[in-house]
Amino acid sequence: MSQSVETTKDHGTLFREPEYQEMLRAKRADFECPHADETVQRISEWTKSEAYREKNFAREALVINPAKACQPLGAVFCAAGFQDTLSFVHGSQGCVAYYRSHLSRHFKEPASAVSSSMTEDAAVFGGLNNLIDGLANAHALYHPQMIAVSTTCMAEVIGDDLHAFIGNAKEKGSVPADFDVPFAHTPAFQGSHVNGYDNMLLGILTHFWQDAERTPTAALNIIPGFDGYCVGNNRELKRLLDLMGVAHTILSDASDTYDTPSDGRFRLYDGGTTIAQTKDALNAAATLSMQAACTKKTLAFVKGKGQETAALNYPLGVAGTDQFLTTVSALTGQPIPEALTLERGRLVDALTDSQAVTHGKRFAVFGDPDFVHGMCRFLMEMGAEPRHALATNGTKPWAKQMRAMLADSPYGQACEVWPGADLWHMRSLLHTAPVDFVIGSSHGKYLERDTGTPLIRLTFPIFDRHHHHRFPTWGYQGGLQVLVRILDAILAKADADSDEAGVTDISFDLTR
Amino acid sequence: MSLDDENDRAFHEQIIEEVLAAYPEKGRKRRAKHLNVVEEGASDCGVKSNVKSLPGVMTVRGCAYAGSKGVVWGPVKDMVHISHGPVGCGQYSWAQRRNYYVGETGVDAFGTMQFTSDFQERDIVFGGDKKLRTLIDEIETLFPLAKGMTVQSECPVGLIGDDIEAVARAKAEELGKLVVPVRCEGFRGVSQSLGHHIANDTIRDWVFGRDASSDEAASDSGPADGFEPSPYDVVIIGDYNIGGDCWASRKLLEDVGLRVIAQWTGDCTLAELERAPKAKLNLIHCYRSMNYISRHLEEKYGTPWSEFNFFGPTRIEQSLRMIGEFFDDRIKQNVETVIARNRVLADAVIDKYRPRLEGKKVMLYVGGLRPRHMVSAYEDLGMEVVGAGYEFAHKDDYQRTMEHVKGGTLIFDDVTAYEMEKFIERIRPDLVGSGIKEKYPIQKMGVPFRQVHSWDYSGPYHAYDGFAVFARDMDMAVNSPVWGLFQAPWMQTPAAETAEPAA
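Chain order of the listed sequences is A and B. 1 is the number of the first residue of the first sequence in the numbering used here; add one for each residue after it. 513 is the number of the first residue of the second sequence in the numbering used here; add one for each residue after it.
Please keep in mind that the hints were generated in silico from the structure rather than gathered at the bench. Be a bit skeptical, because a hint or two may be false.
Rough simulated footprint, nothing fancy, chain B against chain A, three-plus residues with beta-carbon under 8 Å [claimed, not checked]:
#1 36-45
#2 100-109
#3 325-334
#4 401-407
Simulated pairs of lysine-lysine, DSS-like, Cα-Cα distance not exceeding 25 Å [claimed, not checked]:
#5 A/238 with A/303
#6 A/303 with A/279
#7 A/445 with A/108
#8 B/545 with B/560
#9 A/48 with A/9
#10 A/170 with B/538
#11 A/170 with B/564
#12 A/172 with B/564
#13 B/538 with A/172
#14 A/55 with B/642
#15 A/170 with B/541
#16 A/296 with A/445
#17 A/9 with B/541
#18 B/873 with B/918
#19 A/400 with A/297
#20 B/918 with B/907
#21 B/538 with B/934
#22 B/642 with A/172
#23 A/48 with A/445
#24 B/934 with B/541
#25 B/907 with B/545
#26 B/538 with B/907
#27 B/918 with B/934
#28 B/873 with B/792
#29 B/564 with B/864
#30 A/238 with A/172
#31 A/108 with B/545
C-beta: ideal position from N, C-alpha, C; glycine also.
Next comes chain B alone, as it looks inside the complex:
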């Protein structure tokens, strides 16, 4: 990682001034606190975060339901997650996160299905609890192999005074299965982030410490009780197995001799949720979405936790050595062997792609982790991050970011579509990484783009196996021949002139 050279501070400060000028006064004052240029040596990025979005500005953010159902709970594959409320929330989020899993969907796994109570007016007027009771019975009838259910509340549930906790308790008792009520109504909090927290809390309150001995759901192969601990047991926390990320990470951890006893929550089963307290170490990838439960596991069970970063060889090596420090010499030696073995691949990837990507400027705008976690992976390929921002990061994320970004880097919290467009217009990065809503506007401007929520339908990007895919994808975006076609040969408009091919 190189912090030697600064990004262009004065230029970035100027474009912040420019975008703020467009706002009405009240909005300008508030947005000013969310835009900044990194000051070398400061304790954080100097932006306000995790506060309400301005109305009407086209925030990219989602809601608490997206954070709970979409992120944390949704990937738990052997449970049925009920989108409780009107049909839309579950419909738009149906199978869009690419949380890969193995299982027979509709039989013993339920990840890419849309279960909804499809609220009608009468449910609003008379309450939805009765409907919830009925539909839980219907799930039990039609999906007997489901290990449990969660009730993911949509906005109306919290507004009409339903008591989903009472329904969940009664039904759990009756069915002998876990039923988790989650109060993740979309109006709670300011973004997906509170939904993560609420989901973490429901794991703490409803999964841990629950007496599962009387479950009729205990499967044929027996409950988790037969578990034999080992000194090398770890849990991967905050990896949702997007495009198979968590599998690539698991493979690498197994290669160094560790035993991954649970994946939270990509390709996760209820048994894996329940077993996590038995780990020797919790390894947390997405700090933002699952730090809460990691802290709880430390407080209650004394399990240490550590953040790690499996994006790009520099950080992978650093993380593996750091993880090795928690274990004995055997693991430490394995780490070195595995690093040496994989460096062949990593070097081959870098040798192939670095000459094609060297010096390319990147802007990242994603949820709460990747804008810092991926910086080093881009640098491994010779690229530099000139601007970064989070949808729903908190202060501690902006502190952690400082380790990764250069002085002068443009920082934007909860960026608006207007700001994003102007930043890109002025900076003309060679690659932008953000979400589906940003993809097409930015590509139209002639700027290469990759989705960094869904990996643009690719992946995995984690670990060495994923780095090869990551490098291939960045190259195909930046160096695509299509960017050279934007300008018709007979047209010489100012707009077309800015759409020079990237390479």
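In isolation and in its complexed conformation, chain A is listed as follows:
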């Protein structure tokens, strides 16, 4: 027996012990009816080939390992950025269990939301009663200041009408007549979580702004979009805007929601944009979106209300931050202070120090469309070369915009853009057109295993590394974080590639 109390072996090592190895070998040989080892080996090699890639890219219906989620996840994330707001998702209850788990696994934080728990009878008769009872229960138990309603695909398929239902629930006294219940239809069979974010934010702004009169001020609204780094990034945004002296409101600010302290108290709600701020945001001079794909409908609405609008593509790095700051300056008339010029210089300094490390390194990048855009742009700034840019929820216009950006730089010439493709496509790409590193989410770890391409985790969801999202990636200082993550990966690989004593260690350099 290899288990002992002194060196307790868990799954990490226990099953590598000879007794378990023999057991698993016998299980396979005697009971699994496996394919012959040669067959498995042959097929394994074939999956890495050009021929396989061709079949893989000929898929019309099957999606394998996509890098996108469904609309309501985005709606729940968006609503979580408003103060004392409870997400209420109308439809089947299992969906809400999934959104909560998904967000908790990334943020390592509570993620609260309720469901209207519709079952077969509601599928036949509609979910009105579920919504009426559900709003009453949620209001009584969790004392929110606002309930943001979105929908699962079940409610969408049967055609439940949220506007009418919520009116009905208010008449029945589920919540007070003047209680804020903004809503959004968020069908899972259209778009992805970025559209759910857009729809929910539109629902909330419509609720508060629709019948209000705008009295313009000099303030600026910022919409961060669906961002797994919201904790670090939103705080960085606020710091930058404060330095510029810009009066601002972050529309959906989940930075405190998903970063509550451990001090003996569970905060069901913490931080977030207040209702007063949300109402007042109508009066701002302009609204700036950090992720165009997350705000298409919302910005159109905001523009219709008379504000100036602008949208960026997850600005990262020097030029990305330059663009962010100059856009803010143009929209508000506030100059960019010396302190930020200094921060810029420091990031440029770091890039200069390390440019020989990053130069010419080949990258594959996957994630949400705006992240991929911003990341590729920053890579090219380092002299690195993006080779595959993939967004499962990327559209054709996104691909066109990407190609234009890549064409503008000598470092982007070899990059191919893959809208709508998934991570099984990416597997073929990495086998047939290898790169040095992959940048994406934790889901990329299977690519790392299968193709030997090291993964750098820089976008949602990150389940298997802790706390990176608490540090910013936006702004010059955020750019420094991103740069260091990339440098660490490159330099760790240089060490790993030269660490065999007496064999490869001639390049095992102390200073790099």
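Since chain A is already given, all that's left is putting chain B on it; use the hints.
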């Protein structure tokens, strides 16, 4: 196991009253039936179960799809499980159950992959059957070593009138491979539980009795026909090999001389599903999720089945002796030898951890089995379970629970986040075992916590090898230095006072 002393009945009754007071009247009446205090000698825990959750209360429950794809079918490693419908369900459940398996993923095993039909609006409007046919062909092209496929229905499939059974039949015929349509749409039933049942039924209807002789998929090493039975053949049913649980259990059963001919469904192959009817005895760990098929195997093939419990040495010994009774003296003697040999380890574990955990109070809220199955393992370490509840248990689970819990234990069925928080606030247990959604709220309150779905990324916890890991993990949770840091030395708020270090 000790049933000598009672948990604090009056206190528990009082806190039930307190939480119910927060509900609107209709909800209060319904929730009252799901909360109770154990009455010594009663036939069950006295709570209503397996009924619809109240809307809007933050139930912890999932859905039928989670029960079928996530629990029962998902771990069958050499088949491709298609999440049929919009992208989300498959995305959120992708590789989250930790059903360990051996195989080359994407080549001859498919467990940690996400296959979805990614429904778009046109699929809702025109139906998804055509897309399903196409994608089954695409799976066959790209994953030729897959032994079969299952179609795990998401909500829209059942609402738009698709005929996935017809597609499955036609494609199975055409490809010479098993294609199983599973009607586990999330709106069916009230929790994961109906999904378990539906999945069990599809094994019965689509796997057993199917003529596989014409399969082109029959592998190089030949179909299951060459199987030579032995008098010691058993199947482990309802063990999903979370963190390697089933392997630890298998090892122990092999040590006593039994031959495990199939694992359902952790690290399971289609061949193992098909071969199960040849067992002499079916050993069922998770009764809730796979009792249905065990009963069917008994009715159709006459195979007896027995529940067993490999959490903690007390129950392991009891279970091994009970299993021995089904076999000859050789096995019975082996059981005693194996127990004696392993007691050295078990005693060493208890000697090390019991002094650190003695008297600690535990609350458990999990699916349909562990809140009773794990009680004795905690007691082996000197800990006591003061409150327990199930997400999706049925009446027979609450009956079975009585054997394990003391009088006065707080029982909560389909608990809501509100109730859970209040119970913990008032009872201040030393450890809570529940899921990822409960983990962070409870830890913020300064209460040690372990996930008992995923083993908090640890495991195995089954059998003797697992007990050592279990004890280590409970100790590291309860006695972590971090609980002593919650209170800033300059702060004396009432909230901080309740966050005393646990040890």
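Here is what the structure says about each hint:
1. 36-45: holds (count 5)
2. 100-109: Coverage by chain B holds for the region 100-109 of chain A (7 residues, Cβ < 8 Å).
3. 325-334: Violated, because only 0 residues of the region 325-334 of chain A bring their Cβ atoms closer than 8 Å to Cβ atoms of chain B.
4. 401-407: Coverage by chain B is violated here, the residue count being 0 at a Cβ distance below 8 Å.
5. A/238 with A/303: Roughly 23 Å between the alpha carbons, so the hint for residue 238 of chain A and residue 303 of chain A holds.
6. A/303 with A/279: OK: residue 303 of chain A and residue 279 of chain A at ~16 Å, within 25 Å.
7. A/445 with A/108: Since the Cα atoms of residue 445 of chain A and residue 108 of chain A sit roughly 19 Å apart, the hinted pair holds (cutoff 25 Å).
8. B/545 with B/560: 6 Å, holds
9. A/48 with A/9: 35 Å, violated
10. A/170 with B/538: Given that 25 Å is the threshold and the Cα spacing comes to 17 Å, the pair holds.
11. A/170 with B/564: 24 Å, holds
12. A/172 with B/564: 22 Å, holds
13. B/538 with A/172: 14 Å, holds
14. A/55 with B/642: With a Cα-Cα distance of about 19 Å, the restraint between residue 55 of chain A and residue 642 of chain B holds, given a limit of 25 Å.
15. A/170 with B/541: Roughly 22 Å between the alpha carbons, so the hint for residue 170 of chain A and residue 541 of chain B holds.
16. A/296 with A/445: 31 Å, violated
17. A/9 with B/541: Measuring from Cα to Cα gives roughly 49 Å; hence the hint is violated.
18. B/873 with B/918: Holds, because 13 Å separates the two Cα atoms, which is no more than 25 Å.
19. A/400 with A/297: Status holds; Cα separation ~20 Å.
20. B/918 with B/907: 18 Å, holds
21. B/538 with B/934: 20 Å, holds
22. B/642 with A/172: Violated, at about 44 Å.
23. A/48 with A/445: OK: residue 48 of chain A and residue 445 of chain A at ~17 Å, within 25 Å.
24. B/934 with B/541: Distance ~18 Å between residue 934 of chain B and residue 541 of chain B Cα, so the pair holds.
25. B/907 with B/545: 13 Å, holds
26. B/538 with B/907: Satisfied, since the Cα-Cα distance of roughly 23 Å is no more than 25 Å.
27. B/918 with B/934: 21 Å, holds
28. B/873 with B/792: 40 Å, violated
29. B/564 with B/864: Distance of about 44 Å is beyond 25 Å: violated.
30. A/238 with A/172: 42 Å, violated
31. A/108 with B/545: 33 Å, violated
Checked against the numbered hints given earlier, this structure breaks hints 3, 4, 9, 16, 17, 22, 28, 29, 30 and 31; the rest are met.
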